[in-house]
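Peer 1: Each chain is listed here by its residues.
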Amino acid sequence: MSLALQVRLQSNRERSSLALPVTQIVKLNGDKSSTMTSIRIGIVTVSDRASRGEYEDRGGPAILEYLSQVLTSPFEHLGRVIPDEQPLIEQTLRELCQTEQCCLVITTGGTGPALRDVTPEATEAVCQKMMPGFGELMRKVSLEKVPTAILSRQTAGICGSALIINLPGQPKAIQECLDAVFPAIPYCIDLLNGPFLTTLESRVKAFRPRK
Amino acid sequence: MSLALQVRLQSNRERSSLALPVTQIVKLNGDKSSTMTSIRIGIVTVSDRASRGEYEDRGGPAILEYLSQVLTSPFEHLGRVIPDEQPLIEQTLRELCQTEQCCLVITTGGTGPALRDVTPEATEAVCQKMMPGFGELMRKVSLEKVPTAILSRQTAGICGSALIINLPGQPKAIQECLDAVFPAIPYCIDLLNGPFLTTLESRVKAFRPRK
Amino acid sequence: MSLALQVRLQSNRERSSLALPVTQIVKLNGDKSSTMTSIRIGIVTVSDRASRGEYEDRGGPAILEYLSQVLTSPFEHLGRVIPDEQPLIEQTLRELCQTEQCCLVITTGGTGPALRDVTPEATEAVCQKMMPGFGELMRKVSLEKVPTAILSRQTAGICGSALIINLPGQPKAIQECLDAVFPAIPYCIDLLNGPFLTTLESRVKAFRPRK
Numbered sequence: 000m001s002l003a004l005q006v007r008l009q010s011n012r013e014r015s016s017l018a019l020p021v022t023q024i025v026k027l028n029g030d031k032s033s034t035m036t037s038i039r040i041g042i043v044t045v046s047d048r049a050s051r052g053e054y055e056d057r058g059g060p061a062i063l064e065y066l067s068q069v070l071t072s073p074f075e076h077l078g079r080v081i082p083d084e085q086p087l088i089e090q091t092l093r094e095l096c097q098t099e100q101c102c103l104v105i106t107t108g109g110t111g112p113a114l115r116d117v118t119p120e121a122t123e124a125v126c127q128k129m130m131p132g133f134g135e136l137m138r139k140v141s142l143e144k145v146p147t148a149i150l151s152r153q154t155a156g157i158c159g160s161a162l163i164i165n166l167p168g169q170p171k172a173i174q175e176c177l178d179a180v181f182p183a184i185p186y187c188i189d190l191l192n193g194p195f196l197t198t199l200e201s202r203v204k205a206f207r208p209r210k
Numbered sequence: 000m001s002l003a004l005q006v007r008l009q010s011n012r013e014r015s016s017l018a019l020p021v022t023q024i025v026k027l028n029g030d031k032s033s034t035m036t037s038i039r040i041g042i043v044t045v046s047d048r049a050s051r052g053e054y055e056d057r058g059g060p061a062i063l064e065y066l067s068q069v070l071t072s073p074f075e076h077l078g079r080v081i082p083d084e085q086p087l088i089e090q091t092l093r094e095l096c097q098t099e100q101c102c103l104v105i106t107t108g109g110t111g112p113a114l115r116d117v118t119p120e121a122t123e124a125v126c127q128k129m130m131p132g133f134g135e136l137m138r139k140v141s142l143e144k145v146p147t148a149i150l151s152r153q154t155a156g157i158c159g160s161a162l163i164i165n166l167p168g169q170p171k172a173i174q175e176c177l178d179a180v181f182p183a184i185p186y187c188i189d190l191l192n193g194p195f196l197t198t199l200e201s202r203v204k205a206f207r208p209r210k
Numbered sequence: 000m001s002l003a004l005q006v007r008l009q010s011n012r013e014r015s016s017l018a019l020p021v022t023q024i025v026k027l028n029g030d031k032s033s034t035m036t037s038i039r040i041g042i043v044t045v046s047d048r049a050s051r052g053e054y055e056d057r058g059g060p061a062i063l064e065y066l067s068q069v070l071t072s073p074f075e076h077l078g079r080v081i082p083d084e085q086p087l088i089e090q091t092l093r094e095l096c097q098t099e100q101c102c103l104v105i106t107t108g109g110t111g112p113a114l115r116d117v118t119p120e121a122t123e124a125v126c127q128k129m130m131p132g133f134g135e136l137m138r139k140v141s142l143e144k145v146p147t148a149i150l151s152r153q154t155a156g157i158c159g160s161a162l163i164i165n166l167p168g169q170p171k172a173i174q175e176c177l178d179a180v181f182p183a184i185p186y187c188i189d190l191l192n193g194p195f196l197t198t199l200e201s202r203v204k205a206f207r208p209r210k
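Chains as they are written, first to last, in numbering that gives the first Met the number 0: chain A, 0 to 210; chain B, 0 to 210; chain C, 0 to 210.
Bound-form chain A, shown alone (with noise of 0.2 Å):
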């Protein structure tokens, strides 16, 4: 986990250009710059032909436009598209979660069982703390829609203080999966003395438990 060998790799840090719905604006009360930067966001898209650009990256952009529609927080999103590789991923991961001090990284694709899948394998070489519930779940839904759903891999886990979790690579599937986990990532970041996120309630209820 050496700092040293970790690498910027794009730096698109630029603000999402997608509408953002009134209610955060209303929110934010003049105070938008510094709130801005607090909350930051990994989206990693993971996909060989989309790193060559041989293919258009819609997994990104996905996962980019629900956290646009739910979360009513500011937010900042660090956007990656890398290959399969084992190392680049757990670079990447280790990068945005540490040095980019993103509270959520989210990746897309490679979590099936061809060769060259391999997000799974990365995000938990890199998380001190692997968290079942959430593949469990996601798998649980996808399984109504398609028998196939158990064939993806996909994890969640603890790297430092970010939440990783990993995504398949279509976006009807994306949106299936964030529905069913978000619900509970507000008060994961919440345990992991992150920023406190806020949703768009009418679309995903945010739970906290009373302590």
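It is possible that part of the hints are untrue.
In this list, chains with the same sequence are indistinguishable; a pair is considered to hold if it fits within one copy or across any two.
To be verified - Taking lysine to any residue and the SDA-like style, the derived pairs with C-alpha atoms no more than 20 Å apart in a straight line are:
id, residue 1, residue 2
1, K139, P170
2, K139, P182
3, K139, D189
4, K204, G193
5, K204, P146
6, K139, A179
7, K139, Q90
8, K128, G159
9, K139, E64
10, K139, E175
11, K128, P82
12, K128, D83
13, K128, D47
14, K204, P194
15, K139, L177
16, K171, F206
17, K171, E55
18, K144, K204
19, K139, L191
20, K171, P208
21, K204, S72
22, K144, R209
Everything labelled a hint here was simulated from the structure, so no lab data went into it.
For this one, chain A is given, so just place chains B and C on it according to the hints.
Peer 2: Same frame as chain A, but now just chains B and C:
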């Protein structure tokens, strides 16, 4: 797994002061003392605050009350309250499974994503076999109550001849989880050549497949 | 994973003597012999008693019968009956996946919590990737029948280009588990660049997502 490293932590082997159901007393037939020592169950509360006395341990007593209500076999319980320190949790689990010859060790607490939550890691470190079905089922039943159930990393495994099961910290969640998995526990202990556990069938129906 | 360590155990490559459904014969179009060798499936019974001949192997034949009923592709089966010894299980799995070039290896037995049950550990040791969705789904369907289903530690994984799946020992449970996961198996083998498996759709509908 050196036994030389085992240290006795607390020695509160006194019998539960909770009243036992009538069915149990009837079954004892006056041979109480010799039978009493045959079924030993460890109950480990993992909590920094409870171990420092800043917080009343509610998880350990909830497990003991459950066992006292459900088990019709007489049993002896060995209680421990320890901080969220992985080496100490591992040492306590090994002591209870090996030195103290418990057939079942139930932990409460330390299963979440926070930095100090390391009970599943300690459990995995001392077990020769993991039992993923316990965690899957317990998360499934908890998920019917709260969406944050996926944050529980609770697992189970076999350490020597003992079954170790992680439970969450909240008494309500403890009961839900035990209700879900308890029907399988007596047969599991049979397969480990442990003592024959009987349950109050109106409460929990232990299942033993016909050979 | 040294191939030098691989030892041929038994060489019963004879074709299943079970009658094949008519649909299969129709599909063969006289090109039976060349197609016959292309799909090779390993069936491994892991049982101390069965391997000593003290007990009739019922698991292996139950798997073969299932495959003969469900697969419309012609296939060759390679059967093994071995004791619950982890090194021998690992060696057998590697031999079937690597030397014998099976695209699918199905084990039966050795998935419980008892001291001698080590099939999941052997499977994990030879696989480069684990497929947690198989075990989760098989335990879920078995749990609808018996509460002790959570005691099965059955898993699945990828060894080279082969899918290995652990099943329980009981013929009834074998069928329930295969019914649950079989719709995803042909596509999994596609993703591993293996042969194209077809099924009797009235029995099991193989699912292949449109690209």
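Peer 1: Checking K171 and F206: alpha-carbon separation at most 20 Å within a copy, between copies, both or neither?
Peer 2: Between copies only: 17 Å across, 24 Å inside.
Peer 1: Classify it for me, K128 with P82: is the Cα-Cα distance of at most 20 Å met within a copy, between copies, both or neither?
Peer 2: between (25 Å within a copy, 18 Å between copies)
Peer 1: First find the shortest C-alpha distance between K204 and P194 inside one copy, then the shortest across copies, and answer within, between, both or neither for a cut-off of 20 Å.
Peer 2: within (17 Å within a copy, 45 Å between copies)
Peer 1: For K139 and A179, with the copy left unspecified, which applies at a CA distance of at most 20 Å: within, between, both, or neither?
Peer 2: both (9 Å within a copy, 13 Å between copies)
Peer 1: Using 20 Å as the alpha-carbon threshold, which applies to K171 and P208: within, between, both, or neither?
Peer 2: between (30 Å within a copy, 13 Å between copies)
Peer 1: Indicate which option fits the pair K204, S72 if close means a Cα-Cα distance not exceeding 20 Å: within, between, both or neither.
Peer 2: Close inside one copy (14 Å), not across copies (45 Å); limit 20 Å.
Peer 1: Check K139 against D189 for me: Cα-Cα at most 20 Å, and say if that holds within a copy, between copies, both or neither.
Peer 2: So K139 and D189 fail the 20 Å test inside a copy (25 Å) and across (23 Å) alike.
Peer 1: Within a copy, between copies, both or neither: which one fits K139 and L191 at a CA-CA cutoff of 20 Å?
Peer 2: Neither. Shortest intra-copy (26 Å) and inter-copy (23 Å) distances fail the 20 Å Cα cut-off.
Peer 1: With identical chains treated as interchangeable, where does the CA-CA distance between K204 and G193 reach 20 Å or less: within a copy, between copies, both, or neither?
Peer 2: within (19 Å within a copy, 44 Å between copies)
Peer 1: Have a look at K139 and L177 and pick one of within, between, both or neither, based on CA distance no larger than 20 Å.
Peer 2: both (13 Å within a copy, 18 Å between copies)
Peer 1: One pair to classify: K139 and Q90, alpha carbons no more than 20 Å apart. Within, between, both, or neither?
Peer 2: Neither way: K139 and Q90 sit 30 Å apart in one copy and 33 Å across, limit 20 Å.
Peer 1: Under a CA distance limit of 20 Å, which applies to K144 and R209: within one copy, between copies, both, or neither?
Peer 2: Between copies only: 14 Å across, 34 Å inside.
Hint check: violations occur at hints 3, 7, 9, 19; the rest are consistent with the structure.
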